[in-house]
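Below are the chains, spelled out letter by letter.
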Amino acid sequence: MYNIRVPGARRCPAAFCCNLPFPGSFAMKQGFFTITENRKLADATFLMRLEGDTEAITAPGQFVNIKLDGFYLRRPISVFDCDGKTLSIIYKVVGRGTDALSKTEPGKELDLLTGLGNGYDIGAAGKRPLLIGGGVGVPPLYWLCKKLAAQGAMPQVVLGFNSAKDVFAVAEFRAVAGPDVKIVTVDGSYSDIGGCNKGFVTDFLPASYTYFYTCGPEPMLRAVYKATSTEGEFSFEERMGCGFGACMGCSCKTVTGYKRICKDGPVLKKEEILWKN
Amino acid sequence: MYNIRVPGARRCPAAFCCNLPFPGSFAMKQGFFTITENRKLADATFLMRLEGDTEAITAPGQFVNIKLDGFYLRRPISVFDCDGKTLSIIYKVVGRGTDALSKTEPGKELDLLTGLGNGYDIGAAGKRPLLIGGGVGVPPLYWLCKKLAAQGAMPQVVLGFNSAKDVFAVAEFRAVAGPDVKIVTVDGSYSDIGGCNKGFVTDFLPASYTYFYTCGPEPMLRAVYKATSTEGEFSFEERMGCGFGACMGCSCKTVTGYKRICKDGPVLKKEEILWKN
Amino acid sequence: MEKLTETQVNTSVNLCGIRIDNPVIPASGTFGYGYEFAKLYDINELGTFSFKGTTLEPRFGNPTPRIAECTAGMINSVGLQNPGVHAVINTELPELRKVFHKPVMANISGFSVEEYAKTAELLNGEEQIGWFEVNISCPNVHGGGMSFGTDPKAAASVIDAVKRVTTKPVLAKLSPNVTDVTLIARACEAAGADGISLINTLLGMRFDVRRRKPVIANTMGGFSGPAIFPVALRMVYQTANAVNVPVVGMGGVSSAEDVIEMMMCGATAVETGAVNLVDPYASLNIVRELPVKMRELGISDIKNIIGIANK
Amino acid sequence: MEKLTETQVNTSVNLCGIRIDNPVIPASGTFGYGYEFAKLYDINELGTFSFKGTTLEPRFGNPTPRIAECTAGMINSVGLQNPGVHAVINTELPELRKVFHKPVMANISGFSVEEYAKTAELLNGEEQIGWFEVNISCPNVHGGGMSFGTDPKAAASVIDAVKRVTTKPVLAKLSPNVTDVTLIARACEAAGADGISLINTLLGMRFDVRRRKPVIANTMGGFSGPAIFPVALRMVYQTANAVNVPVVGMGGVSSAEDVIEMMMCGATAVETGAVNLVDPYASLNIVRELPVKMRELGISDIKNIIGIANK
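Residue numbers (the working numbering), protein chains in the order written: chain A, 1 to 277; chain B, 278 to 554; chain C, 555 to 865; chain D, 866 to 1176.
Note that these hints are calculated values from the structure, not bench results. The beta carbon of each residue, even a glycine, is placed where N, CA and C say it ideally should be. Misleading hints may appear alongside valid ones.
Selected chain B positions facing chain C (in silico; Cβ < 7 angstroms) [unchecked claim]:
1) TYR349
2) LEU350
3) PHE513
4) GLU515
5) ALA523
Extracted from the complex, chain A is given alone in its bound form (with noise of 0.2 angstroms):
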């Protein structure tokens, strides 16, 4: 398992996981960030709007690491969009930490880790992509899905949320992919362009795409897996220690051995996933 190696390939830099080429960039940047906003968006979901040094991050699908005043391990997030000099992200508050984070003024510096994990591998989307997220996992397929379109691909977007309270972005994804995007709620309680879809997001999947990217709680994840029909990539979570590969807090097994969570994921391809019992 240790000594797979593919000449000529960057090689995966992480200490001992797979030996294997990997897409994406590792040049992790520590930096102060200035919030210019902070608002609610849906039940206890925030858009965060920070400016500062961006340059670390490379793809979709990375995330960056925040520290708060009075708690000890930084906050992993998603990026939700990103260009020269600003950065979005939305969260969810679940605890104490993104409670603070949900209570900081515009105007605090924040000290961020960025350009963590490798991200989405927007290049192999092809012409018709697919995108699927849930709840928390919708954020990081927002700047994807821009991406996908600045390339050309005429992506599919299908977001789940447990109830209409929950529901965010849609007006953003509807700019990029327009009635491609397609909102799911468990309750039925959300309608508009798009019609009333109540269920799964497995429940409405397109009949054809090209490739698929997906993000979300691990139960969709699972179901997502099940229910699509071409290669494709699962963005994962995992509680972390440091964010950036140190660690080993968020370790997981692969078909290509084991993998680290936050830097040699969060994205891992289809084929190498080994679900947890």
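Dock chains B, C and D against chain A, hints included.
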């Protein structure tokens, strides 16, 4: 030691110290104060002005206990001046906590416990009380000086510092006690209208006074103890846990029993004092 | 999640046969003999409290400085300063009676098995005392305290001697400074302890790099505060798995959520310690926050969560 | 206080016969095999570092979640994930060699005395290895790790076996989860240990009150971070008083001042742990801050402060 009672007098509420009558009040209050000013007065020495409910502060020589972000224990600091809604403190940067305090910006709210400690007994002063301060022991004497002048006494003040760069609050004392204020420096580097007084405070005590009040480092207090000829009061410093009498962290032995510096003190009468070896 | 109204929430627990209105108990050494806090608020809102560790004779304790600050905690080396059991009976308890109308927990300590027993015997006649908490874990005294709490046989001998002279429930307060706390807990249970309380402070130290001497006069002392909560929680969990008597948990508890977390790990009630020294209203606030937090977490009766981690 | 210029400050120490430029050593498990950090800065600025705990066979370690946050610290239950000693020799050390030109500390662990010895024997031929740090204190594996570190005889047997097959200095890395750490330290010294390093993590736990299960899959784990510094400092002090070999201190060290405080309490060098996970530049910053802090405190040669608390 535990059953001395003075009938009719207010009883010291200390859990188990002296059961003697006591001056001052123990109506501690917790409240938020807004910093209106925080500026350097002398070498590593800062003045902070705060606005808030000062009702609990009833006697000069009392202190406040300040909660600082990132520090577990509060910082006890004596009251430099106080009126209906403003409180001033003068503090020296001696560690990480006071360093953080010195960098706290006006506008910020601080959590304070106020009205802590017994304070000086201004009723004992007589016509010509003597105030002897050394270094960071100088601040509590200022409000005392004002209170004494207000009740018609003519206080005499001797303030000692290591060096000219450490001197502060001279104008304030002179505004109250005029030419009766003498500034002494160990290295003789300070001189003003009161002359150049090189040495220790005890080298410059006036010939005659009705009572004395002192605060400063322990070696100075010991020297004052020997050099003074009348009754008087000493304010002591000790590392505190709570600052309000709960933890017994700052106990000392006195002629009248065990006392808690924070609650039964910090002011002790000369005749009560038992010096540690 | 089930929505609960205020009246549906029950915070009372049964501690060794005595019902307390809520499981929040200021720990010994952080609440004096109680009546001073009664000037700040009605201390009858508390479940109960454990009074200052009392010995047979009056003690001044250790030299000062006795306090050192730490990240998220503090070290104390008070060393059992107390007025002695006779003054407690003659002065402190009568003061307390005026303002507190519930059973109080009597924390006792000693330097010999006989001293523990004698102190307990003298206090046993005091009506207001509901429980004894036998401190065999004070890190700040030599030849007593913790030395009893680090050896199962010595611990058992103290508990046995106290049980013989008392008619009230006896809790053994254990030290965390041991390889296996469950050995001590089991020995105390076998000796008749009606409950176990833990953890006392961790032995800690700070050194002043400027003055180049230990921050506290006694060099080492007892480390407490939120910093020790994970160690406390682990030991509460281990002990609740090991004994059949109730466990009273403590160590860094600073919020109602901490209380709930510790009860889920096996505590029947929870003591608050260092937080009382930073915020004199802390225990009251926790008592008041508890039903709010219970409703948020869908807990209708706090008894139901005791030890769910251990099942 | 004496004013010192930059050139007058000496940060080098001698650790078991090997001179290191400064006493700052990222601890095992927080720095991988080093070369990944070399992408962030020149890791040759460090005194050295202790590489990821290595076992004879590859290990995945414990199930996830493996991490829990605490006040001023964290719990991990990684459980010695590592690629095994052969991959370390064939892959990791050759990578390290390209970017690190100093002796490295080889942290090894095992589940039997024989495994420790075999792993040490295999690594002994690696030129870059300066010291062995024998981890007899991992709280996250069953039947190994900490069970060796809580019994003086078992600890001594591991050290003795490793010493027989190695030609390099051997440090015993001790667990703080014991009643008397000096007993273990003395046993290791008697078995030939050239130094003692401590403390490994405290055994801790967190429970998720919302999900109603332990935060980490393994229930309990190793607690580290600034929260444990006072306990670490106390044990370094006690151990430095008890043994004659050098002590490497660790546990919550987060700043140059912490390094100085721990050296004053008896440490010849200091390892940085959890702080590396929160700030990837932390150890570098401490190395750079150290001479500044030394000048501020009037320390011209850091060797002169080692153990001044113990005199």
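Against the structure, the hints:
The beta carbon of B:TYR349 comes within 6 angstroms of a beta carbon in chain C, closer than 7 angstroms, and the hint placing it at the interface holds. A hinted interface residue such as B:LEU350 counts as satisfied when its beta carbon comes closer than 7 angstroms to some beta carbon of chain C; here the least separation is about 5 angstroms, so the hint holds. Taking 7 angstroms as the C-beta contact cut-off toward chain C, the hint placing B:PHE513 at the interface is violated, the least distance being around 10 angstroms. Restraint check, B:GLU515 versus chain C: the minimum CB separation of about 6 angstroms is within 7 angstroms; hint holds.
This hint holds: B:ALA523 has a C-beta 6 angstroms from the nearest C-beta of chain C, less than the 7 angstroms allowed.
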